[in-house]
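**Student:** One line per chain: the protein sequences are A and B, in this order. Under the numbering used here, the first residue of the first sequence carries the number 1, and numbering increases by one thereafter. Under the numbering used here, the first residue of the second sequence carries the number 1001, and numbering increases by one thereafter.
Treat the hints with caution; some may be incorrect.
Stated by the list, open to error - Which residues of chain A face chain B? A few of them, derived with a C-beta cut under 7 Å, are:
(1) 187
(2) 189
(3) 199
(4) 239
(5) 621
(6) 648
(7) 656
Simulated from the structure, these hints should not be mistaken for lab results. Just so you know, these numbers come straight off a predicted model, no measurement behind them. C-beta atoms are modelled at their ideal positions from N, C-alpha and C, and glycine is treated no differently.
Take a look at the letters that make up each chain.
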Amino acid sequence: MSPASRRAFIRNSAAAGAGLVIGFHLPMSRAEAQSQALFSPNAYLRITPENRITIVVARSEMGQGVWTSLPMILAEELEVGLHQIAIEQAGASTLFGDQSTGGSDSVRSTWAPMRKAGAQAREMLISAAAEQWEVPTEDCKAENGLVVHSFTGRKATYGELAIAASKFAVPHDPPLKSGDYKLVGKSLPRLDTHSKVNGTAIYGIDFRVPGMKYAVLARCETIGGKVASFDGNATKQMPGVSYVGKISDSAVAVVADGTWNALKARRALKVTWDDSANKNLDSAAILASLRNADQSKAVKFYSKGNVANAAGKKMEAEYQLPFMAHAPMEPGNCTAHFRGTECEIWAPTQVPQDCRDTVAQLLGLKPEKVKVNITLLGGGFGRRLEHDYAVEAALVSKAINAPVKVTWTREDDMRCSTYRPVSLHKLSAVLGNDGWPVAFTHRLIGPSINGQKGSPPVNGVDSDFPDEAAFLYPVPNVSLESVTTETPVPLGWMRSVYALQFGFASESFLDELAADAGKDPLAYRLHLLSKNTEIKYFDTSWSTARLRNVLTLAAAKAGWNKPLPDGRYRGIACFGCFSTYAAEVVEISMENNDPRVHRVVSVVDCGTVVNPNILEQQIQSAVIYGLTNALRAQITIDKGRVVQGNFDDYQPIRMNEAPKIEAYFVPSTEPPTGIGEPPLPPLAPALCNAIYAATQKRIRALPILS
Amino acid sequence: MAEFTLRVNGTNKTVDVSPDTPLLWVLRDSLQLTGTKFACGAGLCGACSVHMNGALTRSCITPVSEASGKEIVTIEGLGAGHLHPLQKAWIAEDVPQCGYCQSGQIMAAAALLAKTPHPTDDEITDFMSGNICRCGTYERIRRAVRRASAGGAK
Chain A
1 MSPASRRAFI RNSAAAGAGL VIGFHLPMSR AEAQSQALFS PNAYLRITPE
51 NRITIVVARS EMGQGVWTSL PMILAEELEV GLHQIAIEQA GASTLFGDQS
101 TGGSDSVRST WAPMRKAGAQ AREMLISAAA EQWEVPTEDC KAENGLVVHS
151 FTGRKATYGE LAIAASKFAV PHDPPLKSGD YKLVGKSLPR LDTHSKVNGT
201 AIYGIDFRVP GMKYAVLARC ETIGGKVASF DGNATKQMPG VSYVGKISDS
251 AVAVVADGTW NALKARRALK VTWDDSANKN LDSAAILASL RNADQSKAVK
301 FYSKGNVANA AGKKMEAEYQ LPFMAHAPME PGNCTAHFRG TECEIWAPTQ
351 VPQDCRDTVA QLLGLKPEKV KVNITLLGGG FGRRLEHDYA VEAALVSKAI
401 NAPVKVTWTR EDDMRCSTYR PVSLHKLSAV LGNDGWPVAF THRLIGPSIN
451 GQKGSPPVNG VDSDFPDEAA FLYPVPNVSL ESVTTETPVP LGWMRSVYAL
501 QFGFASESFL DELAADAGKD PLAYRLHLLS KNTEIKYFDT SWSTARLRNV
551 LTLAAAKAGW NKPLPDGRYR GIACFGCFST YAAEVVEISM ENNDPRVHRV
601 VSVVDCGTVV NPNILEQQIQ SAVIYGLTNA LRAQITIDKG RVVQGNFDDY
651 QPIRMNEAPK IEAYFVPSTE PPTGIGEPPL PPLAPALCNA IYAATQKRIR
701 ALPILS
Chain B
1001 MAEFTLRVNG TNKTVDVSPD TPLLWVLRDS LQLTGTKFAC GAGLCGACSV
1051 HMNGALTRSC ITPVSEASGK EIVTIEGLGA GHLHPLQKAW IAEDVPQCGY
1101 CQSGQIMAAA ALLAKTPHPT DDEITDFMSG NICRCGTYER IRRAVRRASA
1151 GGAK
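One chain only, chain A, in its complex shape:
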């Protein structure tokens, strides 16, 4: 690129102006950036000579605030304010490692690389200024997007230093702040809010390509069903329809000039399904398969001491949870444009690299010939860890040789989805002479998500368990076990995944033990946690002190030791997952034998809090999501089909059922840990424990309102 055209390029790039500009972006390597005279010490950052500072976000924005929190981490070390930057959403790339957005991992996995990315740039900009001014680097500092010479006050913008800075070697180990943050820890407003209140935010379903067609697919609603034959003659006569065809073993696509015409035409389609595989399957049979599972196949995935040697009074209980659906507000969709030797995808996805690799394989292209752009996600909750939408869109685009958007209806999403697996839990405890537990056993019986997707548990360890199934009470003998069953029902990772199941069962059972001992549920837990100790569980070292702290703070904020008004009851629970500690107190009344939740106090210890504003949102979100799961979320199967179809028979919590939520965190200087999921698991047990306090009845199966 000549200097003149480079300047034109930069002028055009900068023309969008200051403030938040979201670009679709294929990140550049350092060499590519330098060839365009951009200062880009790493893939997360570019600075132009015109002082345009762009921070690249390599995770998907699905509501959890990564378009704000991740830039804050880099900007902190770079010494710029959020008003001085633009951000770009990275598409699928090879420069960032695993770009999956899930596992409450966005902040915890990018904290280190984004700090380093900002610090590298800062050090190089300081070096450039020092060289230009012929002064020692120690006498220069970076602040507010400027390098300043401490003695003379001489200043240069990062843009002015950009070209010179790119000539320095990228430091491998730049110094990082150890506190005294200017951005991290501040309750800053989100950068994406404005576009989300004026209708300009672009989600996958809003994306448009010139000449684009609109497709909907007829999929077999009987699980595992396939297309036997179809008659598309009537459909082809419908207004606006340009294509009807089978695009896979299990789906027929209808393509039209608009979404409505495609939907209408799909109704006229006659498909004969081969639904023989599972047409007799129902929820009762699935639950029976769990109950009848061969218990001799139980595998210990965590063991301490030897539960078999513990002697004393034995307590046992069994818990169960149903299939659940993620049901994000934005139904499935994806836009694809197959262009013969390459394919471009615009997807609201949590797994851009899976989209790229699977589409490439199906279309017979090299992965680098599939460009995956990430739009905003209208909710994820794990549903968009599947890449089914992208595959469908790519296949339809190839079939019609034109750009196309595939849209799912709510019923498609409810009935042809992946689901949180059903599970059965057998818990037992042995009480010693003093009445306190000396042994604890938790056996999960259920199908494995990873197993169904081709990565079965190894030695009983599902690859999700290390983040989601810890038992944090230092009982001397502990056995955590699983019996893996099979199901044809498609399984997916749903917000907090197995932690929801383990948390519900174990924290309800703890309450049973406390009740049996005639002890206060909080005091009982605090007694078990009274000794400071570390609990090593796979790669995480958990601290009883930190769990005790969240419990104590939740109890204090909820006024646990103060009497409640007549008719009010409360329950408490705590759980640790994704390396974060969470405790909740739920306050209820009973109305016509059903609980009404008035207040939830939620406390987390998630290490360093990057943005308390977003943390509060995440806690509120987890509480509401958890409340839906606890009260009503249930997917049932009848004659091989999902019974529920829309928000009338799968009813999320609305405002009239939304409690007052109080969110707190324990201040910490530890590196950040997860927050999107950890406040969820304590909700259901705390609620059921409150119901026990009110009624002396123990809820051992979710949903509560079945």
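Model the placement of chain B on the given structure of chain A, informed by the hints.
**Tutor:** Same frame as chain A, but now just chain B:
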């Protein structure tokens, strides 16, 4: 197919679609006003809410033939070129998470405040319970509606 003329956000728009086409798809596909969202297609969740002659309307179950000749306001036109006080309140309270349902939430809140400028908390809850948010932003929606009804102050 037939021609329909609607007045959308103060401008006349003519579209050529089948009469049963829901207003939602006319707005989104024909007029490229994608701030109004599709989520349930059955009038259950409120994500598609617009104002039709001032009344809160579920555009996903309102055929275009019914909207013909009517005054339609969508999230893009709510503030008529400026931010509506509710949009300002939504920003002040930093309400959205994924944001997908928020156009509908704001249109519902605007319909509430147009009739009841100073709603009680119960009135807010009753009215806003027509809308679903899977991210669970209800606490901040309540705060934002209160803020807007108090003239921007908290």
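**Student:** Does each hint hold? Answer for all of them.
**Tutor:** Status of the hints after comparison with the structure:
This hint is violated: residue 187 of chain A has a C-beta 9 Å from the nearest C-beta of chain B, more than the 7 Å allowed. For residue 189 of chain A, the interface hint holds, since its Cβ comes within 7 Å of a Cβ in chain B; the closest pair sits about 5 Å apart. Hint on residue 199 of chain A holds. Least Cβ distance to chain B is approximately 2 Å, under the 7 Å limit. Checking residue 239 of chain A against chain B: minimum C-beta separation of about 6 Å stays under 7 Å; hint holds.
Using the Cβ-Cβ criterion of 7 Å, the hint placing residue 621 of chain A at the interface with chain B is satisfied: the shortest such distance is roughly 4 Å. Evaluation of the residue 648 of chain A hint against chain B yields a held restraint, the C-beta minimum of about 6 Å falling below 7 Å. With a cut of 7 Å, the hint placing residue 656 of chain A at the interface with chain B holds, because the nearest CB-to-CB distance is about 4 Å.
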